[in-house]
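There are 2 protein chains.
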Amino acid sequence: MAATAQVKAPNVDVTIAELKKLFGDRVSTAHAVREQHGKDISFHEAHLPDAVVFVESAEEAQRVVQICARHKTPIIAFGTGTSLEGHISAPNGGISLDLSRMNKVLQVNEADLDVVVQPGVTRKQLNEYIRATGLFFPIDPGADASIGGMTSTRASGTNAVRYGTMRENVLALQVITPDGRLMRLGRRSRKSSAGYDLVKLFVGSEGTLGIITEITLRLYGIPESMVSATCAFDSLEGAVNTVIQTIQSGIPVARIELMDTETVDTVNKYSKLSLPLKSTLMLEFHGTEASTKEQAEMVQALAEENGGGHFAWTSQAEERTKMWQARHDAAWAAKAAKPGWGMWATDVCVPISRLAECILETQKDIVASGLYAPIVGHVGDGNFHLTMMVNPDDPTYLKRAEGLNDRMIARALSLGGTCTGEHGVGLGKIKFLYDEHGEAMSLMRSIKKALDPDNIMNPGKIMGPIN
Amino acid sequence: MAATAQVKAPNVDVTIAELKKLFGDRVSTAHAVREQHGKDISFHEAHLPDAVVFVESAEEAQRVVQICARHKTPIIAFGTGTSLEGHISAPNGGISLDLSRMNKVLQVNEADLDVVVQPGVTRKQLNEYIRATGLFFPIDPGADASIGGMTSTRASGTNAVRYGTMRENVLALQVITPDGRLMRLGRRSRKSSAGYDLVKLFVGSEGTLGIITEITLRLYGIPESMVSATCAFDSLEGAVNTVIQTIQSGIPVARIELMDTETVDTVNKYSKLSLPLKSTLMLEFHGTEASTKEQAEMVQALAEENGGGHFAWTSQAEERTKMWQARHDAAWAAKAAKPGWGMWATDVCVPISRLAECILETQKDIVASGLYAPIVGHVGDGNFHLTMMVNPDDPTYLKRAEGLNDRMIARALSLGGTCTGEHGVGLGKIKFLYDEHGEAMSLMRSIKKALDPDNIMNPGKIMGPIN
Numbered sequence: 001m002a003a004t005a006q007v008k009a010p011n012v013d014v015t016i017a018e019l020k021k022l023f024g025d026r027v028s029t030a031h032a033v034r035e036q037h038g039k040d041i042s043f044h045e046a047h048l049p050d051a052v053v054f055v056e057s058a059e060e061a062q063r064v065v066q067i068c069a070r071h072k073t074p075i076i077a078f079g080t081g082t083s084l085e086g087h088i089s090a091p092n093g094g095i096s097l098d099l100s101r102m103n104k105v106l107q108v109n110e111a112d113l114d115v116v117v118q119p120g121v122t123r124k125q126l127n128e129y130i131r132a133t134g135l136f137f138p139i140d141p142g143a144d145a146s147i148g149g150m151t152s153t154r155a156s157g158t159n160a161v162r163y164g165t166m167r168e169n170v171l172a173l174q175v176i177t178p179d180g181r182l183m184r185l186g187r188r189s190r191k192s193s194a195g196y197d198l199v200k201l202f203v204g205s206e207g208t209l210g211i212i213t214e215i216t217l218r219l220y221g222i223p224e225s226m227v228s229a230t231c232a233f234d235s236l237e238g239a240v241n242t243v244i245q246t247i248q249s250g251i252p253v254a255r256i257e258l259m260d261t262e263t264v265d266t267v268n269k270y271s272k273l274s275l276p277l278k279s280t281l282m283l284e285f286h287g288t289e290a291s292t293k294e295q296a297e298m299v300q301a302l303a304e305e306n307g308g309g310h311f312a313w314t315s316q317a318e319e320r321t322k323m324w325q326a327r328h329d330a331a332w333a334a335k336a337a338k339p340g341w342g343m344w345a346t347d348v349c350v351p352i353s354r355l356a357e358c359i360l361e362t363q364k365d366i367v368a369s370g371l372y373a374p375i376v377g378h379v380g381d382g383n384f385h386l387t388m389m390v391n392p393d394d395p396t397y398l399k400r401a402e403g404l405n406d407r408m409i410a411r412a413l414s415l416g417g418t419c420t421g422e423h424g425v426g427l428g429k430i431k432f433l434y435d436e437h438g439e440a441m442s443l444m445r446s447i448k449k450a451l452d453p454d455n456i457m458n459p460g461k462i463m464g465p466i467n
Numbered sequence: 001m002a003a004t005a006q007v008k009a010p011n012v013d014v015t016i017a018e019l020k021k022l023f024g025d026r027v028s029t030a031h032a033v034r035e036q037h038g039k040d041i042s043f044h045e046a047h048l049p050d051a052v053v054f055v056e057s058a059e060e061a062q063r064v065v066q067i068c069a070r071h072k073t074p075i076i077a078f079g080t081g082t083s084l085e086g087h088i089s090a091p092n093g094g095i096s097l098d099l100s101r102m103n104k105v106l107q108v109n110e111a112d113l114d115v116v117v118q119p120g121v122t123r124k125q126l127n128e129y130i131r132a133t134g135l136f137f138p139i140d141p142g143a144d145a146s147i148g149g150m151t152s153t154r155a156s157g158t159n160a161v162r163y164g165t166m167r168e169n170v171l172a173l174q175v176i177t178p179d180g181r182l183m184r185l186g187r188r189s190r191k192s193s194a195g196y197d198l199v200k201l202f203v204g205s206e207g208t209l210g211i212i213t214e215i216t217l218r219l220y221g222i223p224e225s226m227v228s229a230t231c232a233f234d235s236l237e238g239a240v241n242t243v244i245q246t247i248q249s250g251i252p253v254a255r256i257e258l259m260d261t262e263t264v265d266t267v268n269k270y271s272k273l274s275l276p277l278k279s280t281l282m283l284e285f286h287g288t289e290a291s292t293k294e295q296a297e298m299v300q301a302l303a304e305e306n307g308g309g310h311f312a313w314t315s316q317a318e319e320r321t322k323m324w325q326a327r328h329d330a331a332w333a334a335k336a337a338k339p340g341w342g343m344w345a346t347d348v349c350v351p352i353s354r355l356a357e358c359i360l361e362t363q364k365d366i367v368a369s370g371l372y373a374p375i376v377g378h379v380g381d382g383n384f385h386l387t388m389m390v391n392p393d394d395p396t397y398l399k400r401a402e403g404l405n406d407r408m409i410a411r412a413l414s415l416g417g418t419c420t421g422e423h424g425v426g427l428g429k430i431k432f433l434y435d436e437h438g439e440a441m442s443l444m445r446s447i448k449k450a451l452d453p454d455n456i457m458n459p460g461k462i463m464g465p466i467n
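Listed in order, the protein sequences are those of chains Z and S. By the UniProt record's numbering, the letter at position 159 of the first sequence is numbered 159, and the numbering carries on one by one without gaps. By the UniProt record's numbering, the letter at position 87 of the second sequence is numbered 87, and the numbering carries on one by one without gaps.
Just so you know, the hints here were simulated from the structure itself, not pulled from any lab data. Check the hints yourself; a few may be wrong.
Since copy identity is lost for identical chains, a pair holds within one copy or between any two.
As the list claims (entries may be wrong) - Below, computed lysine-lysine pairings styled on DSS-like, alpha-carbon distance capped at 30 Å:
hint: 1; residue 1: K431; residue 2: K449
hint: 2; residue 1: K449; residue 2: K72
hint: 3; residue 1: K338; residue 2: K124
hint: 4; residue 1: K104; residue 2: K21
hint: 5; residue 1: K269; residue 2: K335
hint: 6; residue 1: K21; residue 2: K431
hint: 7; residue 1: K338; residue 2: K39
hint: 8; residue 1: K8; residue 2: K20
hint: 9; residue 1: K20; residue 2: K39
hint: 10; residue 1: K8; residue 2: K338
hint: 11; residue 1: K293; residue 2: K104
hint: 12; residue 1: K39; residue 2: K431
hint: 13; residue 1: K335; residue 2: K322
Given only the sequences and the hints, what does the whole structure look like? Please build it.
See the structure below:
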């Protein structure tokens, strides 16, 4: 675990020499820089790129792609390095294209509730930038990820149950194709039936079809009223059933998040909260004063029927932020509970009617495996996560984690679900993709080969070798 | 206009002979049947297929595709024939694959708010079928179209402002690829980041990538309270500005539809209503009793500021249905106003901030052109329609309509919009696609060639000749 591998791409020395001519010391072959770019925050083995180039504009990125295309050198886009399935590693070597300096908000169209950003803008930076407009961008993966990375992995988060994922919120893109052309996909209008949906094809394609250099996103008005609550339950089942009934009743809850007892314990310690040590829902309601009150009353009634205790309310911005930051830090809390251990974060998503079954079976399996693996989840979408902590000094841990992950995914697939709700495929989930998609994998391969015949864009990711 | 053209596909006699062996009298070469399958409800020239085959299962459809693939015979999927841009015509001849007998609802997953249907199920049939469950499917193009056709054209309708279009509401598909394989795309879980979004690629691909044989759709709970209203305005501008402000305020209106004075006049006559002869909004609010009341009050306040009169309310199901049926029949009303004339229905969609400008300029242009072309619109999305009526006895009409359409589309594109909000491309909008997408058209062509190298799936549609 956390080993470092390195494969040198053919001809890469020529590529690097040409890049250096253009970009000077913005091309780095330093080991530390390459290491930082070859390893995300997950347990996956690091694979170092041969060099890293820091670009500052779409035109510069285009020059990099053109040079790499000429020499068939792999290119791996890099934002903040916070992905979880080995997306940014370079198993075939090549150039890591660091887009983090392309971090400008280009256009805020307040009247249209949309914004145009460069890929290196992070979600928190964006919300900070637009705060005065009264608008916000709701998608919030755990990390303060870049919008480019979030687009590429089809990211999601706690607000998806109300506002959708990156799939629903990217209106248009500017991209560089593998042959080095810069082009626009999609328009700012809210809908269109003008041909193939190339925007949605690029969302979630993990850098395997091209480089994203501009993203147009939907924004939303900050609701008049936003109130959050926590509610502790006698059983995990009661908490999950409350979620299921809330969704089935069509209550437009903005956030409905689950933490099992283990997670509550670590979050209490890491974020200095004092939640009761029980399976807990964290909820948020958005709307007018009257409508949030009404929604909250409906969910409270459901919770009561399912063994939920009283709702601990918070409507002040500062407290709400603290509470949700604690939720976002759940994985770090788990990591802090096991210093020096590796973190393997994994997730699945199932149809809501099968959620209780999937979580309860998985919980039993965690106990049987003897692993420390707190459960958290964006349960309103049927999506939940395990943060499996792996002791590097005991080789059985990795094996046991692998078994637990394999079984959870088989369970989710058998219930009509997916092997990855929001983390993407990267290297980590390739082996499950055929079980999920079957024959359809051949269409993905055909599209990849058609758009990137030399396989230079993040080769090996999503579908493994394509020939 | 409404001429009938016919091109015989090479080798089609062999294809037809093989089909007849399998399907007997479910293969028709009768002129009347071919004519019905070669012409949609728009003004476009008819192009007759060489034969029509009526299939009753996915496996039968697969056999048809396999036979056509072997002989490189074009295949055009057919549902209800209610599309508007020449989607179902056969400019290269070939086989019309009639899927209307595949009209079963296969699975209603009440607890997951989803349903699995065959492509020939129509939207009204579906809603009738699921009525007892308390769920409904919101997407409602004017016609009682088939779900297969609606998926293929990325259809939309009056509820899209609240519930999204087919893009947001198709969860999974079963399709037959051009080489005759039957496969599944997507899963029932609400989100996934497991590779390329093939479902969204097929939604809106107009039968050019394969045949859709099963569709999994999202459903929604019928709201506790649904109230509709009409409101007449002193000016078209006032009505449009009310819409813009409603959307910008984030009021979750379920429907907000515009009719200009011309439309109100024809709708009054056709559907026996007595709306005041003014620019009019038709609205609907969904939610709890309290929240619909609150939403309605907010919109009323905005309308008042913009010269809107009083809201005429209706909450009884029967009256609401009558009112919305009248809205859906607006194109038929225009047709009835000019007996014997051809109907050319066209639409565009722009960012909401540019909607007033786009509609008002277009209205001026209608007056200047001397055409009868009532305006209706799903204005909450920035989407509006012209129903241009064309006198077949006066050749100048078609030319003038063409000019009006060309200018409206150029206007919409220059404002950041799209050349087709919800009608698709078919044959009618091909010529605008390069202006809209530029270089990105080459990606569409690459994908088409990769998945359908012999170009047998609805050839000539969306992108014209691909070589």
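Tell me, please, which holds for K8 and K20 at an alpha-carbon limit of 30 Å: within, between, both or neither? within (18 Å within a copy, 59 Å between copies)
K449 and K72: within-copy, between-copy, both or neither at 30 Å Cα: both (14 Å within a copy, 23 Å between copies)
When Cα atoms must be at most 30 Å apart, do K39 and K431 count as within-copy, between-copy, both, or neither? within (20 Å within a copy, 47 Å between copies)
Status of K39 relative to K338 across identical chains (alpha carbons, at most 30 Å): within (20 Å within a copy, 68 Å between copies)
Identical-chain pair category, K21 with K431, by Cα at 30 Å: Neither. Shortest intra-copy (40 Å) and inter-copy (43 Å) distances fail the 30 Å Cα cut-off.
Given identical chains, is K338 near K124, meaning Cα to Cα at most 30 Å, within a copy, between copies, both, or neither? This pair counts as within: shortest intra-copy Cα distance 28 Å, inter-copy 57 Å.
Is it within, between, both, or neither for K293 and K104, if the alpha carbons may be no more than 30 Å apart? Intra 38 Å, inter 42 Å, cutoff 30 Å: neither.
Is it within a copy, between copies, both, or neither that the alpha carbon of K104 lies no farther than 30 Å from that of K21? within (26 Å within a copy, 64 Å between copies)
Should K20 paired with K39 be assigned to within, between, both, or neither, using CA atoms and 30 Å as the limit? within (23 Å within a copy, 60 Å between copies)
Treating 30 Å as the Cα threshold, decide for K335 and K322: within, between, both or neither. Only inside one copy: K335 and K322 sit 19 Å apart there, 60 Å across copies, limit 30 Å.
Between K431 and K449, at a C-alpha cutoff of 30 Å, which is it: within one copy, between copies, both, or neither? For K431 and K449, the Cα distance is within 30 Å both inside one copy (20 Å) and across copies (28 Å).
Which holds for K269 with K335 at a C-alpha limit of 30 Å: within a copy, between copies, both or neither? within (12 Å within a copy, 70 Å between copies)
Violation of the numbered hints given earlier is confined to hints 6, 10 and 11; the remaining hints are satisfied by the structure.
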